[in-house]
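**Q** Sequence:
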Amino acid sequence: QYPIEAATYEEALVAAQGYEGGFPAWIQGGWQVRSGSYETREAAQAAADAAGGTVGETSMYGMSVVSRGTSRILFQFDGGKDIPFIVKPGLDDSVKTVTWFKSVRYYGAFQYYRVGGGNLTVSNVLPLNDYAECVISQEMSPSWPLEALKAQAVCARTYYEQNLRKGNHSANGFDICNSTHCQAYPGMDKTNTRTAQATAETTGLRIWYDGKPAEIYYFSSDGGATEDIRNVCGGNTDYPYLRGVIDPYEA
1 QYPIEAATYE
11 EALVAAQGYE
21 GGFPAWIQGG
31 WQVRSGSYET
41 REAAQAAADA
51 AGGTVGETSM
61 YGMSVVSRGT
71 SRILFQFDGG
81 KDIPFIVKPG
91 LDDSVKTVTW
101 FKSVRYYGAF
111 QYYRVGGGNL
121 TVSNVLPLND
131 YAECVISQEM
141 SPSWPLEALK
151 AQAVCARTYY
161 EQNLRKGNHS
171 ANGFDICNST
181 HCQAYPGMDK
191 TNTRTAQATA
201 ETTGLRIWYD
211 GKPAEIYYFS
221 SDGGATEDIR
231 NVCGGNTDYP
241 YLRGVIDPYE
251 A
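Numbering-wise (the numbering used here), the sequence shown opens with residue 1 and increments by one.
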């Protein structure tokens, strides 16, 4: 790293252009200019002595952004264990952000976090309404009646609130997973104007019982009837709103 004073990314980027292979770095709350990447401290020290700089280090939570398909570092980030790296395309917050990831579109931003200093955990960060819209596009066909889509939107929000309160994935660095372990979340490729309308018309609505989000379960089929929750979860689990009923719509 080199002795510079930079208050912004732009200032660090300009300063980095004065060094061969230079790049800006945000390390534990401050901007630096760095260059090179070395396998040993001895090699790094020799390069630093020759360039008039010092050896820069990152913690186990540090990460480097490289040019695709190369090892050329564009940016380095180390926020320690508490600050993840977040990428949000676009500079105008009046426009809804859309991110491409592995050929799928997603609302919002992406967060990169080395939980416990290990491998990168990648998660989508987005408004709850946008999340609910994507969930209902997976759980129901967007061509279904609008009121059904709206009911599913309310369930999706409520289920998210349950998981947030329980902290089922807090140790993993995110709130809720994208599989049927939590709720199927496919990004926004199946969304359309009807799913957007369903979430917009139910904004803020959740299902509550006894002062907290209700236990909301839903499924693709029930064999013609549902079951009392105590016969499914056992023990003293019992909610008056989760009692078995006959389902006349499924033969």
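Wrong hints could be hidden among the right ones.
Now the in silico label distances, taken between C-beta atoms and shown as ranges [claimed, not checked]:
| id | residue 1 | residue 2 | range |
| --- | --- | --- | --- |
| 1 | D222 | G69 | 22 to 28 Å |
| 2 | K81 | Y209 | 21 to 27 Å |
| 3 | N236 | N192 | 41 to 47 Å |
| 4 | G90 | T180 | 29 to 35 Å |
| 5 | D238 | P145 | 30 to 36 Å |
| 6 | H181 | E5 | 18 to 24 Å |
| 7 | S103 | S179 | 29 to 35 Å |
| 8 | P127 | R68 | 25 to 31 Å |
| 9 | V245 | G90 | 30 to 36 Å |
| 10 | G80 | A7 | 16 to 22 Å |
| 11 | V87 | A148 | 54 to 60 Å |
| 12 | T193 | V245 | 15 to 21 Å |
Quick caveat, the hints were computed from the structure, so don't treat them as lab data. Where a beta carbon is used, it is the ideal one built from N, C-alpha and C, also for glycine.
**Q** Take a look at whether the Cβ-Cβ distance between N236 and N192 falls inside 41 to 47 Å.
**A** 43 Å, holds
**Q** For the hint 30 to 36 Å, verify it against the beta carbon of V245 and that of G90.
**A** 47 Å, violated
**Q** Check the following: the C-beta atoms of H181 and E5 are separated by a distance inside 18 to 24 Å.
**A** 48 Å, violated
**Q** How does the Cβ-Cβ distance of V87 and A148 compare with 54 to 60 Å: does it lie in that range?
**A** 35 Å, violated
**Q** Assuming the hint says 30 to 36 Å, is it satisfied by the Cβ distance from D238 to P145 or not?
**A** The hint (30 to 36 Å, Cβ to Cβ) holds, given that D238 and P145 are roughly 32 Å apart.
**Q** Starting from the hint 25 to 31 Å, judge whether the C-beta atoms of P127 and R68 obey it.
**A** 29 Å, holds
**Q** That 15 to 21 Å hint for T193 and V245 (C-beta), does it hold up?
**A** 33 Å, violated
**Q** Given a hint of 16 to 22 Å, does the C-beta separation of G80 and A7 actually sit inside it?
**A** 20 Å, holds
**Q** Cβ-Cβ distance between D222 and G69: within 22 to 28 Å?
**A** At 49 Å between Cβs, range violated.
**Q** How does the Cβ-Cβ distance of K81 and Y209 compare with 21 to 27 Å: does it lie in that range?
**A** 36 Å, violated
**Q** So the hint says 29 to 35 Å: do the beta-carbon atoms of S103 and S179 match that?
**A** Because 19 Å falls outside the window, the suggested range is violated.
**Q** With respect to the beta-carbon atoms only, verify the hint that G90 and T180 lie 29 to 35 Å apart.
**A** 31 Å, holds
In the structure shown, a violation is registered for the earlier hints numbered 1, 2, 6, 7, 9, 11 and 12, in ascending order.
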